[in-house]
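Asks: What follows is each chain in one-letter form.
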Amino acid sequence: MIEARDDGRMADNIVYFARALRKAGLRVGPASVKDAIEAVLAAGIGSRDDFYWTLHSVLVSRREDHATFDEAFRLFWKSRELIEKMLAMFSPVAPDNREKAKPRAAEHRVSRALFEGHEKSQPLSEIPEIEIDARFTVSGNEMLRGKDFAQMSAEELMDARRAITELKLPFDRVETRRYRPDRQGSRIDPRAMMRAASRTGGGLILPKFRSRREVHPPLVVLADISGSMSQYTRIFLHFLHALGEKRRRVHAFVFGTRLTNLTRQMRHRDPDQALADCSAAVQDWSGGTRIGEALGEFNRLWSRRVLGQGAVVLLITDGLERDDIGNLAEEMERLHKSCRRLIWLNPLLRFDGFEARARGVRAMLPHVDEFRPVHNLDALADLVASLDSRTVAHVDPRRRLGHLAQKSGVASGRVA
Amino acid sequence: MTSPVPRPLPGTIDETLDLLTGADYVADRALATVLFLSLRMQRPLFLEGEAGVGKTEIAKVLASALGRRLIRLQCYEGLDVSSAVYEWNYAAQMIEIRMEEAAGSVERSAMEKNVFSEKYLIRRPVLDALTGKTGAAPVFLIDELDRTDEAFEAYLLEILSDFQVTVPELGTIRAEEPPIVIITTNRTREIHDALKRRCLYHWVDYPDAQRELEIVGRKVPGANRRLSAEVVAFVQRLRQIELFKAPGVAETIDWAGALTELDKVALDPETVSDTIGVLLKYQDDIARIGQGEGKRILDEVKAELAAAE
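Listed in order, the protein sequences are those of chains G and Z.
Anchor point for the first sequence: position 313 equals 313 in the numbering used here, and the numbering is continuous, going up by one each time.
Here the numbering used here = 1-based position in the second sequence + 1000.
No lab work stands behind these hints, which were simulated from the structure alone.
A virtual CB, placed ideally from N, CA and C, is assigned to each residue, including glycine.
Just so you know, not all the hints are guaranteed correct.
What the hints assert, rightly or not - To be clear about the criterion: a stretch of chain Z counts as covered by chain G if any three or more of its residues have a C-beta under 8 angstroms from a C-beta of chain G, and this derived list gives those stretches: (1) 1107-1120; (2) 1149-1157; (3) 1200-1212; (4) 1254-1266.
Modelling step: build the complete structure from the supplied sequences, incorporating the hints.
Replies: The following block contains the structure:
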């Protein structure tokens, strides 16, 4: 154990520093604080750089946290600037004659964490609580199931959310290279055989069998949150959350003008809390959309990290690209080629006579495996049921393109 | 293979840095600090970074510099206990059973002991790594951990916290001295926090121009000085533009080596487009750099180097 020395305050300071980091969003537990002190004892305090990297090695465990750590270290272990900041905070009018530099990454978050409780307390805005007693009746449920999410009232949306959590989720499975004992299996399990044989003294060596273990493949969801999709976004987030609760590997991304990874936020068990976390993380709600660029960013930064092991991709967007569709087709092709199955969910498909006319839609359609509507509970239930089956004719994207090629201009009926 | 003479661990960060430099690994001080701490605190070192920045190389260099045995566990999807930890030699076991039966001694407990003896145990990397003697613990490289599934990760967690393995038929095997564990991942999947928490974490970044030049100088001793400077400057520029896969240090070394083999003393646009396949591995990237952009970068590099002289 570490003994506290009377004359030194290093350990205390490290504890404070770790606490500040924790508030700034790093996951620093008590065990890592102890480790940090041990590490400093092991390395000794030499130069500032060595000290920096010593603490870094123990307290940072994700690359994303590096910027936060860097900023916190700069603020915390530099007493002069700290005092300046304190002064600035406590004096009523602090003349700000410092040069306005470009704010460093994570600076805001860190300084909030360090000086928490010292800002002027702000009056908490009261959030009115509304209780709604909306009980399900059978007929009500049926009506709800066919109703477009965009036309639902707040109460109906609540019911829809409840219905989503009750959806029976798909059991699509892929074989892994691991085995499980199986009497009907077709592969010999030598280890189990020897164990059984030694139990009977070796008189009988009976065959034992095993077969491949199956798991859910990872599911990656890319959801459009631009203005044209805004009525659907929240309900999809609920759907994602419900999916994430039942299966282990669900990655959620949303995009408008930029791409945001919501996987971690979605892990919160309480759906409302998870959604609140998501809202805080996303900065481009209901803005424009740049599908091609968002997909490009996903392909470049994330596809290799989340699309391994036979992932299925759900792409939720209306395909209405605002900018020119320059690289949209290439990015879609790349995405399609890097996953096991690409399913495009398009709420616009609800309209009778939907045709693949928009240039964005035409660019994207050739590269998807399935093209489905996603505007009501029935559509969601269909999707869920289809995840474990093969592509059926009416969701085949080529049908949409074919229609247009054959009888362009003639409204084709919706079959969904 | 002669067994190397184990050397003691370095006592300070400077010694660690010297150790790596002595073995031709040009490390920055951050890496030396983390490595020193991991050796001193007997904690696994968790290295994350893009492909080709020299993560695996650290383990190899460490093993040779410290005179330790290098045990490598290459991870892949579906890696299980029988190929990572131990396996029984079933054929030999069956013969043993038949032999004992033929000899007429069918005493059950004795037979079980004979059949499941160390003679028939096939050691796989994990078990191998736990059998180092004091002062000569091997370097245990767990390469590309992100390629396995979560199940193996959880199993590894158990091993890394206690450095012991239980074989049901034999009992618990415990390391006299824990091995020097180095885990690498390419981030094709997020590793669980619980595992990271047991390790010291370090993100291995691309080196800066000066360090990369030193690396090329050491790894490709025959390379012309002007050529290496141009190669390094070119690669550094490539990393700044948004490519699908930016070239790593390994690619820089390969490229410098390839150009030296072709007796080049400087880069020119034709050479770049002929040999770009050494550097870039995706068709989209190659097409992009081949079409004009490569020439533009090369011109910038030449101008920059001319200005520096």
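Asks: Now tell me if each hint is right for this structure.
Replies: Going down the list of hints, with the structure as the test:
1. 1107-1120: holds (count 5)
2. 1149-1157: holds (count 3)
3. 1200-1212: Check passed, 4 qualifying residues.
4. 1254-1266: violated (count 0)
Violated hint for the displayed structure: number 4, the only one.
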